[in-house]
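Residue numbers (our numbering), protein chains in the order written: chain C, 1 to 270; chain E, 1001 to 1270; chain A, 2001 to 2270; chain H, 3001 to 3270.
It is worth saying that the hints were derived from the structure and are not from the lab.
Heads up, some of the hints might be wrong.
Claimed, not checked - Have a look at the derived ranges for each label pair, beta carbon to beta carbon: (1) C:Val185 <-> E:Pro1128: 49 to 55 Å; (2) H:Arg3192 <-> C:Ala174: 52 to 58 Å; (3) C:Asp212 <-> E:Gly1241: 32 to 38 Å; (4) A:Thr2112 <-> H:Pro3078: 46 to 52 Å; (5) A:Asp2212 <-> C:Ala111: 46 to 52 Å; (6) A:Arg2270 <-> H:Pro3078: 52 to 58 Å; (7) C:Asp103 <-> H:Thr3107: 57 to 63 Å; (8) H:Gly3109 <-> A:Arg2270: 20 to 26 Å.
All figures in this text were calculated on a predicted structure; none of them were measured in a lab.
Even glycine gets a Cβ: it sits at the ideal position worked out from N, Cα and C.
4 protein chains.
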Amino acid sequence: MTASGLRLRASAPHGVGAAAAVLAAGLIVAVVPVSSQSPATPSRQALIDDLVVANRILANEGVVDGYGHVSVRNPANPERYFLARAGAPALVTSTDIVEYDLDSNATTGSATGYSERFIHGEIYKARPDVKAVVHCHCLDVIAFAAAKVPLRPMYHMGYFISEGVPVFDIRESAGITDMLVSTPVLGRTLARVLGPRSAALMRGHGAVVVADSLHVVVAKAYYLNVNARLQSDAMQLRGSGVTYLDPEEAKKAVQTYERSWEFWKSRLPR
Amino acid sequence: MTASGLRLRASAPHGVGAAAAVLAAGLIVAVVPVSSQSPATPSRQALIDDLVVANRILANEGVVDGYGHVSVRNPANPERYFLARAGAPALVTSTDIVEYDLDSNATTGSATGYSERFIHGEIYKARPDVKAVVHCHCLDVIAFAAAKVPLRPMYHMGYFISEGVPVFDIRESAGITDMLVSTPVLGRTLARVLGPRSAALMRGHGAVVVADSLHVVVAKAYYLNVNARLQSDAMQLRGSGVTYLDPEEAKKAVQTYERSWEFWKSRLPR
Amino acid sequence: MTASGLRLRASAPHGVGAAAAVLAAGLIVAVVPVSSQSPATPSRQALIDDLVVANRILANEGVVDGYGHVSVRNPANPERYFLARAGAPALVTSTDIVEYDLDSNATTGSATGYSERFIHGEIYKARPDVKAVVHCHCLDVIAFAAAKVPLRPMYHMGYFISEGVPVFDIRESAGITDMLVSTPVLGRTLARVLGPRSAALMRGHGAVVVADSLHVVVAKAYYLNVNARLQSDAMQLRGSGVTYLDPEEAKKAVQTYERSWEFWKSRLPR
Amino acid sequence: MTASGLRLRASAPHGVGAAAAVLAAGLIVAVVPVSSQSPATPSRQALIDDLVVANRILANEGVVDGYGHVSVRNPANPERYFLARAGAPALVTSTDIVEYDLDSNATTGSATGYSERFIHGEIYKARPDVKAVVHCHCLDVIAFAAAKVPLRPMYHMGYFISEGVPVFDIRESAGITDMLVSTPVLGRTLARVLGPRSAALMRGHGAVVVADSLHVVVAKAYYLNVNARLQSDAMQLRGSGVTYLDPEEAKKAVQTYERSWEFWKSRLPR
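Whenever a hint applies, use it, and build me the whole structure from the sequences.
Structure representation (structure tokens):
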């Protein structure tokens, strides 16, 4: 059995062979070379490959659509992070991945970056514990931000919601804008609202989600959205009488979500 | 039968290699007709090919089902527009595309036209700024028209809703009908209700959406529908206490939606 | 490439030519043999093939799941109708089709019939105008039957709902049962509740839908369900203040739904 | 490549021919262990193969996601049950299936088990009539547990809900936990709450469903969830005025759901 979403990448970075393999396979395949020339390379390339899978999972599971992005901090250099160049997450391949410093200046390549990359850089600056960041327009949370109804944890898969999910209203700090977190200052303000938590909603926009790994951040973004749907359903049935996870239960219910990752990866279109 | 989602342009940088690669990848190809030697044709053919893609995206993303249509104004002759002959959008190919004058008389071919093509012609007459029109039975807006609840912009992707989305009630201008905008007079009345805006709902029927490009009109139709769903969710949570985009925010939040188009195109069935 | 859900049986009347066409087209095709042995056969076989497509469309579009059935009256003999033997609609092939008389006794084959085939036979008896019948557990109407909220036409695609959609409560006529319309008497009672209309809900069960053609009955079953969802959405927004199609509008808005059929057929899994 | 939805039941019950057919069908194959020469093995292997299908159906139909599990009692030894090793249900193959005794100790292999396998073992102990168990985070029931709104049978497919669906609140018996039923004691408490019924909800977690066969338990888990959605819809329309199945109707409406199984099996990705 093998993974959809895998990238075939022989030795040369995206040479003719790789292209042919991709065409033949009809999908992008991530086969990590058995032993790469440089000892540091595999880990970097493996991380980039995983970031591509993360992009595709988020799109395939409906957490992002044509918009939204996901980044991961470079473990070999915590002052750097990886993020795709501007484009739809479903279409990201490893050649689209750019390395940024924490001021969100590209350190590799010259591709156009996401105008909201400052979300990532400023959170990595403010939160050394954060290793991965998702920004999404996840649909089910938008109503909660607009209605100013606090998200609460409906089940153990949404345990982190117990930390509270603040709402970042860009207007409170920056007045009238195009709603985009497209400057370092706005990124810092968002990071401040997020504080030590796992997620913040963005009024009239979407959400930002952080975690200590790429796999976990993808799952938190997914379950943040699912939890919103469940909470909406429960509130329709019983309004303010809904029972949420107890804060102490939530603390104990920490998830790795690793089975989710494997499941979602297996569902990627080939 | 021909291409979902593929635009093959002989002169474009893709070249023969791209065509071969696409063929290898298992996509279905829109073969450029022999007449493509003429200098004016490529652009016309490219637009027609894009219109085919627009039809298929709208069907694949659930904005239209067996019914609904999308047109684009001929940039080489603003007194003409392109629209498929009567048929389900998902099945449209480039040979189904007919050119109409603004009175909605076919200038090419003799295929049966959509009885509601006057929606397109009359809007193009009234709105020189409009380059593309979608008519859909997009499900999530129908409840809003029936409930006379005004649509409001829930997030930046629905920024244009801030212009207001009037409801065209065919009965107010024409009494008892079959609900179809199947005459020039009805088309003009709808255009008048639409006014300078991006969208109007049609009571007991669906919506019409306009934009200055084909890609943008597809996205506006899509996000009009998504926004309706989000607004319904938010109103369930908090009724009249929902916070919508500020009109000034909406003005600044103009979208090209180009990443949506690329994403949707990539999702077309092969 | 070949069919999901297709059972090719070498000995079946389709013959090699038909099988090849199916394989080549990658979907179920009503390929009428150019000249069949008997002059009556093509029309009969074509109808049976269309009935197979109807079964598959209903399953693929979620109108039926593992349960539910669709029949068509034999145009060559109005005292007969065609219905699959007991089985999941998605898996029906032409060899599964049985001919019944109007007392719902099989006139061909000896396969186990649906225990609820009397729905079909008794309606054909009571309604000479009816040429096709669907019984479904279509999910969105079940809440309406349980809540005793009358269905009302939300848009022109649901025009026939304007005739009224009565609710058949099996308990009122037969007391405590297993909820199934599994006798001629129950079938007659259901037919009486249906009266001259297009559809009746069945409390705690689903619905029955009738039409003067197979294509139209499939579409009416589909749009009955869609209309229920839209009505539920609209009532959530505005309760009793929702505007429905005017009865006179509904009379004029009769649909053939032929584009829906072509669209749904094109979406069948290959 | 051939049909999903194949009903392998030629002459030999799942013999070598069946295995070959499955291979041809592109399904993930339960490789028959070498020991299959033994006369008792085929039935064991057939059951394991069916358990693999059950895992995949539950995932494919959205009853489980990356989490959740399904087990079946060993008919040859009622003191044993089969359950996959820890992993996402969609990815389970026959080599992942482990045999457990009723204390939930593995009797074969050394793979890591689900930490919640005690749900299965303790229910098998307490309920000799139970032959199969599903644990799921089925989304639509979670709101009901949180809102403490009792599930009621909306239609005959949910007949078993008439027995009552108690809510297991882990906190009432064990105080603050990680929400998981990961000890024999917790399993026993859950079994006690379940009592003689078909299903129990688990507050802040999901549900457990039992039946006298693997096919039926899969269907009960599926329809438990569907019924919750229908009940939520009906209560939105009419609150406490909804008509549910009469308890006597429910007793008569017992389902085998065999057509559902065939349908779902036919929908599995190849």
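- Item | Range hint 46 to 52 Å (beta carbons of A:Asp2212 and C:Ala111) holds or violated | About 60 Å separates the Cβ atoms of A:Asp2212 and C:Ala111, which means 46 to 52 Å is violated.
- Query: For the pair A:Arg2270 and H:Pro3078, does the Cβ-Cβ distance stay inside 52 to 58 Å?
  - Reply: Violated, since A:Arg2270 and H:Pro3078 (Cβ atoms, about 44 Å apart) do not stay within the stated range.
- Message: Given a hint of 46 to 52 Å, does the C-beta separation of A:Thr2112 and H:Pro3078 actually sit inside it?
- Response: Given range 46 to 52 Å: violated, Cβ gap about 32 Å.
- Go ahead and decide if the range 52 to 58 Å is satisfied by the Cβ distance of H:Arg3192 to C:Ala174. Holds, at about 57 Å.
- Task: With respect to the beta-carbon atoms only, verify the hint that H:Gly3109 and A:Arg2270 lie 20 to 26 Å apart.
- Result: violated, 39 Å
- CB of C:Asp212 to CB of E:Gly1241, is that within 32 to 38 Å? About 36 Å separates the Cβ atoms of C:Asp212 and E:Gly1241, which means 32 to 38 Å holds.
- Does the Cβ-Cβ separation between C:Asp103 and H:Thr3107 fall within 57 to 63 Å? Cβ of C:Asp103 to Cβ of H:Thr3107: about 59 Å, so the range 57 to 63 Å holds.
- Item | Range agreement (Cβ of E:Pro1128 with Cβ of C:Val185, hint 49 to 55 Å) | violated, 41 Å
In summary, the numbered hints that this structure violates are 1, 4, 5, 6, 8.
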